[in-house]
Amino acid sequence: MDGYCPARPGAGALSQVAAAYKRNAAAEHPVSAETLRVTSGTPGPQRDDHGLRLAGGGERHSGDAVLANWKKKDPDGPFDMENLELLVSLPGGDSVRGFFMVTLLVELAAVPALRNIPTVINGVRCGDTEAVATALEEISQSMQDMTDALKLMHDYVDPSVFYGIMRIYLSGWKDNTSMPKGLVYEGVQEEPMEYSGGSAAQSSLLHCFDELLGIKHEETSGEFLTRMRNYMPPAHKQLIQDISLQPSLKGFIQQQASERLNQAFQRCVKKLVVLRSYHIKVVSRYITVPAARARQLRKQYRESEQEMISRAPTALEERGTGGSGIMSFLKTVRNQTKDTLLPETGKTKLHHS
1 MDGYCPARPG
11 AGALSQVAAA
21 YKRNAAAEHP
31 VSAETLRVTS
41 GTPGPQRDDH
51 GLRLAGGGER
61 HSGDAVLANW
71 KKKDPDGPFD
81 MENLELLVSL
91 PGGDSVRGFF
101 MVTLLVELAA
111 VPALRNIPTV
121 INGVRCGDTE
131 AVATALEEIS
141 QSMQDMTDAL
151 KLMHDYVDPS
161 VFYGIMRIYL
171 SGWKDNTSMP
181 KGLVYEGVQE
191 EPMEYSGGSA
201 AQSSLLHCFD
211 ELLGIKHEET
221 SGEFLTRMRN
231 YMPPAHKQLI
241 QDISLQPSLK
251 GFIQQQASER
261 LNQAFQRCVK
271 KLVVLRSYHI
281 KVVSRYITVP
291 AARARQLRKQ
301 YRESEQEMIS
311 RAPTALEERG
321 TGGSGIMSFL
331 KTVRNQTKDT
341 LLPETGKTKL
351 HHS
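So the sequence shown is numbered by UniProt numbering: it starts at 1 and just counts up by one.
Any given hint could turn out to be false.
Said to hold, decoys possible - Here are the simulated DSSO-like pairs of lysine-lysine, each with C-alpha atoms no more than 27 Å apart in a straight line:
{"hint": "1", "residue 1": "Lys72", "residue 2": "Lys181"}
{"hint": "2", "residue 1": "Lys174", "residue 2": "Lys270"}
{"hint": "3", "residue 1": "Lys331", "residue 2": "Lys216"}
{"hint": "4", "residue 1": "Lys72", "residue 2": "Lys270"}
{"hint": "5", "residue 1": "Lys338", "residue 2": "Lys216"}
{"hint": "6", "residue 1": "Lys281", "residue 2": "Lys338"}
In case anyone wonders, no lab produced these hints; they're calculated from the structure.
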């Protein structure tokens, strides 16, 4: 590319926000959960006698449980599962550690993708097809690494422990039929408060990919995803907003006669479909199958407490911990991702044959 391409006002801020995200996700020493909560800017006067914001004083963040909830056992050791431990845990033993640490590794695998998003945006603005294609290739590899990291869930998390114990603590008090009016924070305020539980939709990663690739969600799933942004640290939410305001990547690609660029975009979308499809498999193993087994156990042993998975409240069976109708939501989002694929040209069809 010849000449100088001036950055759009705010493009530098986009890179700064992406860098802030990377620092949160991959810092050798994590940002404290309290820092994330106090700086959230979300409404709510709830503080304890020490001036600290309570969990309900503004929405909880996935960053509280994942990005800011780890440390190295050996500060000089490797950044891997064996050398990581939680700062704050829940009932569930090793499965709790495994769940949050694997989720952390998925977030870390996305760092190269986040680093390349500003490159894609600036390349679109400057008409630099090669820079955009190279960055998209890096992003698609990062998506594959995220899927590979997610596969570790099966090695570290017991499905019966997750369903029978952990989900009770991860579920919130919004869209939860067990607490239809929310939860009263005694000593804080008299009115009940409603907050969603933990959800993968509270991570900004997939939101960033959706905005970059131009993935449009139907009304119900789109409303849920938008609401989950209120549970993100402010810099993450701002990054998503900044990406959404940039020129259309898909429109740019459709205007170019670049086979490499087309293939790079298609590969990104397909890798995101693979990631979302694998997430569906994980949810099936950890929620859908145990829920069916729990229903069967209740029919066979109505007074038995021998099986751990039969302890979970029946109200949670068909919903994710964030309050969504889990399988219909995930499949809808995955299918809408597929719909973003470009029509295959003759060359592309030949390339894939």
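Comparing the hints with the structure gives:
1. Lys72 - Lys181: 40 Å, violated
2. Lys174 - Lys270: 33 Å, violated
3. Lys331 - Lys216: 14 Å, holds
4. Lys72 - Lys270: 34 Å, violated
5. Lys338 - Lys216: Roughly 11 Å between the alpha carbons, so the hint for Lys338 and Lys216 holds.
6. Lys281 - Lys338: 17 Å, holds
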